[in-house]
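J.: Protein chains in written order, with the working numbering: chain A, -7 to 168; chain B, 6 to 117; chain C, 969 to 1630; chain D, 7 to 388.
Derived from the structure by calculation, the hints contain no laboratory data. Just so you know, nobody snuck in bad clues.
If you want the ones that stay clear, here's a sample from chain D, every Cβ over 10 Å from chain A, calculated:
#1 Glu39
#2 Ala44
#3 Gln314
When the alpha-carbon atoms are kept at most 27 Å apart in a straight line, the in silico DSS-like pairs for lysine-lysine are as follows:
#4 C:Lys973 / A:Lys136
#5 C:Lys1548 / C:Lys1144
#6 C:Lys973 / C:Lys1033
#7 C:Lys1033 / C:Lys1178
#8 D:Lys162 / A:Lys77
#9 C:Lys1138 / C:Lys1090
#10 C:Lys1090 / C:Lys999
#11 C:Lys1138 / C:Lys999
#12 A:Lys82 / B:Lys102
#13 C:Lys1144 / C:Lys1558
#14 C:Lys1418 / C:Lys1525
#15 C:Lys1144 / C:Lys1090
#16 C:Lys1136 / C:Lys1341
#17 B:Lys103 / A:Lys77
#18 A:Lys77 / B:Lys102
#19 D:Lys162 / B:Lys102
#20 C:Lys1516 / C:Lys1418
#21 C:Lys973 / C:Lys1178
#22 C:Lys1136 / C:Lys999
#23 A:Lys135 / C:Lys973
#24 D:Lys20 / D:Lys111
#25 B:Lys103 / D:Lys162
#26 B:Lys103 / A:Lys82
#27 C:Lys1525 / C:Lys1341
#28 C:Lys1138 / C:Lys1548
#29 C:Lys1341 / C:Lys1138
#30 C:Lys997 / C:Lys1136
A few chain D residues facing chain A, derived, Cβ under 8 Å:
#31 Val139
#32 Ile144
#33 Thr195
#34 Phe196
#35 Ser197
All values derive from a computational prediction rather than experimental measurement. Note that CB positions come from ideal geometry on N, CA and C, so glycine has one too.
As a plain string of letters, each chain reads:
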Amino acid sequence: MSLSLNDILFYFLAGVAVLSALGVILQSNPIYCALSLALTMVSVAGLFASLSAWFVAGVQLIVYAGAVLVLFVMVLMLFDTKAEKRAFSKGIVSGFFKIASAAMIFAIAGGAASMSGDARFSKLTGIASATQSTKDLADLLFKKYLFSFEAMGALLLFIAIGAVALSRIQGGTHAD
Amino acid sequence: MPTSAVVVDSISSVGLNHYLILSAILFSLGVVGVLMRRNIIVILMSIELMLNAVNIAFVAFSRSLQNMDGQAMVFFVMTIAAAEAAVGLALATTIFKKFREVNIRYFEHLKG
Amino acid sequence: MASSKAEFLFAILILAPLLGFLANGLRWKSKNYMLAGSIATAAAGTSFIAALAIVMRLFGEGAPKAVTADFFQWISIAGLEVPVSFVIDHISALMVLVVTGVGTLIHLFSIGYMSHDERPTKYFAYLNLFLFNMLLLILGENLVLMFVGWEGVGLCSYLLIGFWFTDKEKAAAGMKAFVTNRIGDAGFLLGMFMLFVTFGSLGFSEIISKVAGLAAETGWTGPITLAALFLFVGATGKSAQIPLYVWLPDAMAGPTPVSALIHAATMVTAGVYMIVRLSPLFILAPNAMMVIAIIGAATAVLAATIGLTQFDIKKVLAYSTVSQLGYMFLACGVGAFGAAMFHLVTHAFFKALMFLGSGSVIHGMHEEQDIRKMGGLAKYMPLTYLTFFVGWIAIIGLPPFAGFFSKDEILWFAFSSPHGSVWLWLAGFVGAACTAFYMTRLMALTFWGKPRFDEHHTHPHEAGPSMTIPLVVLAILSAVGGFMGIPHVIGEILPGHPGNWLEHWLHGFIAVPAGETHGSAVMEWILMGLSVSIAGLSAITAYFFYVKEPSVVERVKNRMGRLHTLVYNKYFVDEIYFAKIIDPIVNGSKALWAFVDVNFIDRATFVAGDLVKGIGSTARTLQSGNLQQYALFIALGVVGFLAFLFELRASLGKLLMQAFGG
Amino acid sequence: MGKDVFEITVNILKMFVIFLMMVQAVPILVWLERRGSAFIQNRLGPNRVGPLGLLQLAADAVKFLFKEEFVPRQGVRFMYFFAPIMAMIPGALSFASLPLSVPIKIEPFQMLGQMWGPYTFAFQGYDLGIGIVFVLGISSLGVYSLLMAGWGSSNKYSLMGAVRASAQAISYELALSLSLVGILIVYGTFSFNEIVAAQTGPLTFRAFGAEHVISWLPNWGVFYQPLGALLFFSATFAEANRLPFDLPEAEGELVAGFHTEYAGFKLLMFFIGEYGHMMVASALLATFYLGGYNIPGVMPDDVLAFWQSAVGGNLASILTAVTFHLSLLLRIAILLWIFIQVRWTLPRFRYDQLMNLGWKSMLPWALFNVCVTALWVWFGHK
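Excised from the complex, chain A in its bound form:
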């Protein structure tokens, strides 16, 4: 079985994604976690591109890597956190359950995925040009999902107001 260019791309990006995701959950300094997550996001954007979801890939870069994660990093920097002495929660029994449940989720989901058959992506089918697929996406968003789209807009507005209100609270867990 020879590796095509696309395969190499996939394995590379997937490797980076998994390694950096491991970095997120294992590193004790939250800033490194955040930077690892940024790397994950970028490689996920690459994976989207490899699935010819160009627009989504671009948005992934803009929204996740460019905005959300920067926010995380900024907040962490403002908090000036050092590497944590104890990064993980206490409790051996619950720890066992936690890891076990995650493993079970992986086992079941991964098992189901691998049973889903060999749905190879063939070359030509369904690779619309980036322009066309973007237009199709826009069509869906502004016609079929118009209401959800508008609702999202409302949600973001409320969230923005809520976040501002939250962060203006002067100390304490109760607003006064």
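Got chain A sorted already, so can you dock chains B, C and D onto it with the hints?
T.: Then chains B, C and D, alone, in the frame of chain A:
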């Protein structure tokens, strides 16, 4: 018509299940992060990781089924994720102001 | 071409008042009456122009029968499709022009009237909101949309009647109007349900097309008869008919332009409009028609007699409105839907005129409403007097002013229509006599004779142009408005033989009762002469009573003391309602509360609460507040669920294998 | 990448050339900035080394290369070293996705005893159908460089510069993207090539159902989107951390902001990043609003015909591309000069002014622009 720089090869051996398994791995890592970490911001990041894993599955299915709806969903997931991050960070900031630390156990104060 | 589309114009027409409402409503604290009034008037004017632009399309050779606009699907549940779509056909064209046209004039009038008010912006916002809802009511292509407007105008009416809510009585009047209307609305809803159950649709055009060809129902319990009766209950509420008319006189607590717009010209005619709209349905229920005619005639007479004795200028007009609405229902009841529409339009002109005139008087007399304290105002307020004079002639039905044509048409149909009878005509005739009497009395006490107020103290004055212009315009309309429906008998003797334009215009849009008409042209002339002469006669009598020999009034009053007390107190209807309906309900509710509520319902909720509390106090130990523990539960749940899912699938697969695979 | 060796080689070479173009422009720009600022301030500036001081560039380069490698002891080495590299990436990647001229069409020709061609080489590094999204996405990654530099230096001033920079970048990215939405609505595409192609010929716009042509104006985006162009241009100043938005390195308050602890070649890389950002911004502005590489009043075919009559053959195609490329470069140069002129003319904003401008002024105006454009287009197509 512009052409894509990356050409998907005809003999590609990577298929839907590869992406799904990758998605499952990332999701489980996110679960571990949420369950195990003590820093609330890292927990938030783990949630983002889980959402990303789901996005990968969405896009892969969208490609496999030749249906753009999956990508539209990704769009919504991203919006929700951004919103969630904003509120989560605002909460974390509030907690930090009070305790100078962002440990998850401070949220136990929310217990009724 | 059966109909044409005009989404854009309709959007302007309907949204302009809404935008006006928002523009004023969002800055309701402002006291700049000029700005608020200009915005509101501009919004109403825009609507009027848009309405004109749409109605223009209906004219001319090969013009569409209706202009429609479909916006979006509002409700779509199995079997029930409610689109937000609007229609202007020949019926709603009349109505929309009246509403927006008269509405604009009244907005304009309000600028002057509300100039000293505390909250003018709020007032204009309400006025625009009312206009918006009224347009929904008129233009909606289905009963649901009409009902939305119906409720909306009810709300605005409530808000505006109680506009000066600091006065407890006025607030109570608003509430009375609201509650009374609710009773009617329940009927309307039931009617809608009946129609939906019967025809599976709520669109006007669909109902009418399904009704076409059905035979008339004879009994009392047929679905169409029931639906018609229920709808009529709704109409009695909104259009102030027996037994639900009691709110309208009290509604005069609101600002006078509101009385003109809502409680004379537009909203109260909604019931008539609704019946005309559904005339092909009503015509199939002769028994319901009979009820409508009798109630209409009874209302016409009853309200007119009450009007004879009232001293509040607005109350007189209010009872007159109730009475005139009775005429319209009488017309509907005898199947003369065209005449009802005709009277609706002319009544809108002259009654709006008279209300605005009374507003001008009240404004000029510094909020004085008692006509006993007026008199001789003609020389102080010449323009108001002149315009009011026109309105007076129009309402008492002297030719060739508007009221004559429409009222006479109603009376003629009451007599000649297959549903009509001599008794109905007689009722209308008596009503007309009373109308002429009390209107002349109003004129006499207000404008004629000697001033009965302190001339050194009060200085009645004419108001500014924003109040006089609407008066003049409405006076002109009241004078000439009748020419759109010249009866055939008169048309034939006039040069050029003008036909009955209105009848022609509405032809094919309203139902015509089947059966023989009785009466001839000669009969029509005779009846016409009778009614004009009785109107003239009672007008002259009233003039004699109240201007020449005021002592006669006292004598008559003393002679018929008990009758006068009865009528003066409005036949004690309000008191009867209180004693027979409201008090029993209140007392019964109190009894229910004391026994059923406390013993059963409260106890049930307490027990449920205790139960929940008990379970909760045991279960709360699970809630440690540790978020990650919660998350673990979630994760375990997911695992369990997924495992269940896949296990189930596997065993299902096994089952299938056994069944088919061998 | 291509269908044979020749095409692949050329395509790879092309990317190198474009990258080098960006890098090599930096010394020139540094020289220009120093000379220009000197003239603005009534000084002479560097004029000793070489003619007009031009060799100052070489001297600077040598100085940078031989500076002592200094690393803060408490810093985070990985971040400290990686930040300058990261600074260059967004600019380079973005610049490579821009169309710099008309494509070169090569007729079949004989070489090494073999027939080659025909080929069409786009005059750009790579063409993504959704170039605009790509550029926005990539340039939003630029913040990490500042954050890493700030954190990695383990220096208060650096960190404050970095946090300021990232807050500023996120704020203005919003206005920047929103001002672009107008262009997206007008042209209905994410592709640079389609946008450039749409800007040929005289000014033609549709309004109220009719088409209007103004023959003495070129069909440039700035005429459709004047407000958008202004907002975009202003936002790019903030994105590139140039005066009057250079709060991140505000030398009066923060020594030198996020690159306080940098020296030598690493500092130079930050410079390359910043100037690269400016170049990309200028090129984007030219592409969106100033007709891209188009020459007003001249169609590509005319130029091709002219060169064909002059030299003929494949050279004509190449020369055509070069002509148009120069036309774009001219625009970029003018815009870069405006960047420099502004830097030495305007004072710096205060931080609250900066945030107010971004959130309370530019963002609403950009939204207004979007609404107006949408209405305009809607009425245009009615």
